[in-house]
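Chains as they are written, first to last, in this note's numbering: chain A, 1 to 220; chain B, 1 to 740; chain C, 1 to 80; chain D, 1 to 80.
Just so you know, these hints were derived from the structure itself, not from any lab.
Think of the CB as a built atom: it goes at the ideal place given N, C-alpha and C, for glycine as much as any other residue.
One thing to keep in mind: the hints can contain errors.
[What the hints assert, rightly or not] So the derived label-pair ranges between C-beta atoms look like this: (1) S27/C - G709/B: 38 to 48 Å; (2) S27/C - T651/B: 31 to 41 Å; (3) P67/A - T651/B: 30 to 40 Å; (4) K64/C - P734/B: 47 to 57 Å; (5) M737/B - K53/D: 40 to 50 Å; (6) V70/D - K2/C: 53 to 63 Å; (7) D389/B - S27/C: 29 to 39 Å; (8) E45/C - R371/B: 18 to 28 Å.
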Amino acid sequence: MKTAVIVFPGSNCDRDAAVALERATGKPAEMVWHGNAELPDADLVVLPGGFSYGDYLRSGAMSARSPVMEGVIAHAKSGRPLVGICNGFQVLTEAGLLPGVLMRNADLHFVCKTVGLQITNNETIFTNGYASGQTINVPVAHHDGNYFADDETLDRLEGEGRVAFRYTDNPNGSARDIAGILNDEGNVLGMMPHPERVVDEALGGTDGSALFASLVEALQ
Amino acid sequence: MSKLTQMDTAEITPEMVKEHGLSPEEYDVIVQRLNRAPNYTELGIFSVMWSEHCSYKSSRFHLAKLPTTGPQVIQGPGENAGIIDIGDGDAAVFKMESHNHPSYIEPYQGAATGVGGIMRDVFTMGARPVANMNALRFGEPDHPKTQHLVGGVVAGIGGYGNCMGVPTVGGETNFHAGYNGNILVNAMTVGLVRTDKIFLSAPSGVGNPVVYVGSKTGRDGIHGATMASAEFDDDSDEKRPTVQVGDPFTEKLLLEACLELMQEDAIDAIQDMGAAGLTSSSIEMADKGGLGITMNLDVVPQREQNMTAYEMMLSESQERMLMVLKPGREAEAKAIFDKWGLDFAVIGETTDTGRLILDHNGETVCDIPIRPLADDAPKYQRPWVPTPDAAVLSADQVPAPIDIGEALKKIIASPDIASRRWIYEQYDYTVMADTVQIPGGDAGVVRVHGTNKALAISTDVTPRYCQAGPLEGGRQAVAEVYRNITAVGAKPLAITDCLNFGNPERPEIMGQFVGCLEGIGEACRILDTPVISGNVSLYNETNGQAIPPTPAIGGVGLLKDASKMTTKHFKAEGDAILVIGGGVTGHLGQSIYLREMHGREEGAPPPVDLEMELKAGNFVRGLITEARVNAVHDISDGGLLVAVSEMALGTALGADITVDDANTPLHALAFGEDQARYVVTLAPGDVTSVTKAAEAAGLTVSATGTVCGSSLTINGCAPISIDELTELNEDWLPTFMGAE
Amino acid sequence: MKARIHITLKNGVLDPQGKAVQNALGSLGFDGVGDVRQGKYMEIELSETDPDKAEKTVELMCQKLLANTVIENYTIKIGD
Amino acid sequence: MKARIHITLKNGVLDPQGKAVQNALGSLGFDGVGDVRQGKYMEIELSETDPDKAEKTVELMCQKLLANTVIENYTIKIGD
Ligand SMILES: Nc1ncnc2c1ncn2[C@@H]1O[C@H](COP(=O)(O)OP(=O)(O)O)[C@@H](O)[C@H]1O
Ligand SMILES: [Mg+2]
């Protein structure tokens, strides 16, 4: 299974994502520079966390328009899995691959802590390693994680089972406690929490491992 | 032509000399060394190089007395940061630096650029920053500015460090009226480098290209005093010095670009542009290499129009670096900086003249020998008077509380003891996925990536002790760092310092400085933690009111096996509790108890027995290495009862402890701040053997107990609910900041 | 030629910053503060000298990058 | 009564956001883009009906909270 991590200027969880992917797949992930017009052939693409372009203008806005995104969009359209974590989620919404936007946290402060996440839908290629309704503990670290979409969109996301994760104790004001969502085909996931930071017992937990394992399983 | 440009050729007046912070005597020395009067640009260059900040003119003499060597030291003071050997070809690079004044003027940007500056110092040496720390002192909570300053400083530290993707894993925060007009923001960065990939600032070759990389130069932070009193013309608004604004995004690119270039063998020397930017970086490099340097200022990347030579040389624009490349490597280096979207300009070359020569607009605007600028900078042995000894306060001079539980509740919710969660949750402390101990414990701990070893980091100083007794205070600061690093199981290896004091021209302030430094030096010698880098910040005064002496110490230790690491939290019902270390007198002088319960800041600080610290530390670290203890916490502010409470906070577990000492009042045993002590928990079956071993090592077991229930009991007093203590401890800071 | 751009949140879109400012003004003792909406204001220097062309270019900039048209409106002024 | 406030960085103060936007516009293929400066724009609803009083209040708001006067300038327009 081949994986790729996109590196934008200011990405800073690219290495963390690559380490987690290698742990799950046994093979190093390919690091892809944002300026590349083409994406190498990969089964799974990850847009990592960080502060691409310093979060200036709007977080994710400038990255969403970088050359590599054409390839990323084509990858998504071909039905192959694409995950955006934190800043990666922001890029996905800015690129129009996922609905809604991530606004400034309701209390305006950056928030870093481990939060409870409820698996809202475990019948996805990203979450089927978890039990439905299971609660896992995963760190968040963001300034703009306050998910917003109009009611109609939110109803549709919920109705179609496209809310993958919900906060058990909302850290940022997100509408309907949403922490992660899927596109309508179910192959693109965006989430604010960082599963790649909890794949190692020494770091206080392995609750993120099943996400990567689910993908390996699905792509086998 | 603007007036400032005209000033380049204008004659230097005594007023100009004064505005540049130079004494008439210092000016005479300049004239002597040059054999002529300097021009305005040259005067500016001398003034920044001879400023306290760059020349350490008041402190150098005393700093020389600190121990700086040891088998673990790869690089001591004198480079951008110090380096220690952590085995297997790995090295840790670290330093701490102050950004006090800018943070008071503009807390967000001041703190942010402080963090940016210290990270540059570390990655200049080839190291990837892996952990940030911050030591903060604010005025009293009730002071009208405090809340705003706390909010801005914390947001600024987070804003910069988070964007860089470097975890902030700890720090310290105090509130005291002594900082009302002069807060302290000290930032520390720790980085990792392979020992064969270290970069230094001394160029070795003549005719090598001098390269400027990073952000463009603007009129940021130019010598406030000078500019404020310069005459302004019509575009004066444009020429006014401006607050430095940090651009962490550019710094992240600069970090990656520098590290990428460092993989190649293209760099001869490298130096970040910190205070006094282009001036100090070029001069320090040339001086270290025993070379000269010429630069053409026309090609310096500029953000603003019509900048003068003076302005370019004195600008403190952030996110810039100066490098000397090996000959012929320009294109290769440029390609990397282009890729990262950063400015790259060859602005000069190294020479064998020993002079700094600057050209601008077709004229030579500066031509001065480098030696006097750097090495021959003035040095002063300022007069000093020792701080008078404070009388030791005995326990019976301090009233007991009516209820020990009520006293504990008040102390646990007091500004200096309350939880710092509100602060550290604004810092990304898990990025890089190697943080094995998050803020809130005794030390922050980060794994060396890809290995099973880890670095433990702590910053400490107790300014009220330093104020009452600088010597003891200096010793105690190092001892507390040593204990905090030991408490997580690591061996302390070396320290950095950030020496914050008032005006050194006042003998009593100089006395504090000398006393603290003596204590620090002695402690470093005995505890074998040499000083490998540091920073001095003097003149921290407002209206003649100096800050309390605050020599912040940052220490780094090595945990060979990260899986052995301990944390302070109680682990299991039924575990035994032992307090191990030095003897107990119930020392309440300068204690938190005395201040919070009685509003008194009196007495001598607790004496520090450094040999005892060493023994206790080695013993406790041994227990941790042998996996014989389940939780460890050192005793510091607030004494035994606060330490035991902190081990229980947030867990569902309580404790029942007994201090067997009929001669000392209970409140002194509970809240006394006697040093060299640790609280450990362990299996009940191990109590006898550990107690014996401790006594055999010359240590005292001064209290015993059990982890049990959900409340805290000492010597049979009424139980105090842990839930209630947790709530009080957690609530103070968010409530204080709530109306922000 | 200079372009001045105002980017504001569409009606009905949550504005956490505006809300926070409104609350903060209240706690500072300012009375009678109603809705607060926070937007962006940008000034762009353009080498283009024809105002119509400049306006068209800036319009494109807004659509492509400067505004997120799902949640934001923008207005453009060209002048000096 | 509505107050409209523009908050901009003072001259000479580095504007990292503006700079990044300028570069991004360049890479999107827009030519001739010079300096970009990014500021804030706020609209505040006030119950006050006297424009002079409103202006004074908003001035105070800017100084106390809305603008960081060390690095920012502000202008206020009162109207509807
Ligand atoms: N400014 C800060 N930034 C990050 N962490 C902080 C800060 N101030 C305090 N902390 C954390 O809060 C905890 C308590 O601090 P402190 O009382 O100074 O610890 P100790 O007594 O062990 O030295 C520590 O884990 C420390 O790292
Ligand atoms: Mg401690």
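Against the structure, the hints come out as follows:
1. S27/C - G709/B: 38 to 48 Å: Holds, since S27/C and G709/B (Cβ atoms, about 41 Å apart) stay within the stated range.
2. S27/C - T651/B: 31 to 41 Å: 35 Å, holds
3. P67/A - T651/B: 30 to 40 Å: About 51 Å separates the Cβ atoms of P67/A and T651/B, which means 30 to 40 Å is violated.
4. K64/C - P734/B: 47 to 57 Å: 42 Å, violated
5. M737/B - K53/D: 40 to 50 Å: Distance hint for M737/B, K53/D is violated at roughly 32 Å.
6. V70/D - K2/C: 53 to 63 Å: Once the Cβ atoms are compared, 25 Å apart, the range 53 to 63 Å for K2/C and V70/D is violated.
7. D389/B - S27/C: 29 to 39 Å: This hint is violated: roughly 48 Å between Cβ atoms.
8. E45/C - R371/B: 18 to 28 Å: 46 Å, violated
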